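Respectively, the protein sequence lines represent chains A and B. Take the first sequence: its position 58, counting from 1, is numbered 58 in the numbering used here, and each next residue is one higher. Take the second sequence: its position 20, counting from 1, is numbered 20 in the numbering used here, and each next residue is one higher.
FYI, nobody ran anything at the bench for these hints, they're computed from the structure. Remember, it's a predicted structure, so these values are computed and weren't measured experimentally. For every residue, glycine included, the Cβ atom is placed at its ideal position computed from N, Cα and C. Watch out, some of these pointers could steer you wrong.
[Unchecked claim] Which chain B residues stay away from chain A? Per the calculated CB distances, all over 12 angstroms, these: (1) LYS22; (2) SER28; (3) GLU32; (4) GLY66; (5) THR98; (6) LYS106.
[Stated by the list, open to error] Taking CB as the label site, the calculated pair distances span: (7) A/SER84 to B/ARG41: 22 to 30 angstroms; (8) A/THR20 to B/ASP62: 22 to 30 angstroms; (9) A/ASP38 to B/ASP62: 28 to 36 angstroms; (10) A/THR113 to B/GLN42: 45 to 53 angstroms.
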Amino acid sequence: NAGVTQTPKFQVLKTGQSMTLQCAQDMNHNSMYWYRQDPGMGLRLIYYSASEGTTDKGEVPNGYNVSRLNKREFSLRLESAAPSQTSVYFCASGGTSGGGYNEQFFGPGTRLTVL
Amino acid sequence: AQRVTQPEKLLSVFKGAPVELKCNYSYSGSPELFWYVQYSRQRLQLLLRHISRESIKGFTADLNKGETSFHLKKPFAQEEDSAMYYCALLTGGGNKLTFGTGTQLKVEL
């Protein structure tokens with residue numbers, strides 16, 4: 001199992017450009033998440049999807065859109081990138097671990113720079 | 001509203017010294033708390049959860065509801081413990097994690 005995968009690993013954009021970050025999981029989890037990680041701010045939830053066909057805003061949704069394409073895939077789109085969106089983006093999926101506990105599993109991250 | 005506070009951005013200790021990473025939370029419901037760790041240039045991974053009362057890599061954390069704390073402890077720090085540690089609170093009906101701002105642990109020789 002690959003777990004949670006993300007593409008691309010790195011991206012540099014100019015202000016105003018758009019792009020989509022891709023995320024896929026092979027653990028058959030219902031829930032998927034997008035976070036951004038900034039120094040001194042920790043991880044902040046951008047959007048999440050509790051199940052296929054549903055999406056909800058997190059703590060910092062402005063400037064982003066998401067699509068839950070199917071159970072496996074959850075993409076994050078920046079329509080018009082701004083320098084404030086320079087960050088490391090993590091995708092996660094959530095489900096029940098082998099011990100029966102709730103757990104989130106994270107992807108390797110995408111490092112995005114907006115010039 | 002729920003909140004997780006990690007007061008230390010950076011904690012520097014010598015190898016073999018005890019470690020305590022502080023975490024306090026604010027939540028009106030019954031808390032379920034986690035510690036996640038991120039080693040250099042790696043993805044976040046779960047270190048331990050309070051509900052299973054585990055000891056992982058020598059780390060333990062006890063939930064203290066009276067003090068609303070979930071501090072992470074290890075009696076003897078090792079060099080390989082150097083990493084970023086995040087405390088997290090499960091909310092949203094079990095669907096969302098609220099993270100603290102993280103503590104960078106540096107273990108010096």
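- Message: Which constraints among the numbered hints does this structure fail? Numbers only, ascending.
- Response: Of the numbered hints, 3, 5, 8, 10 do not hold.
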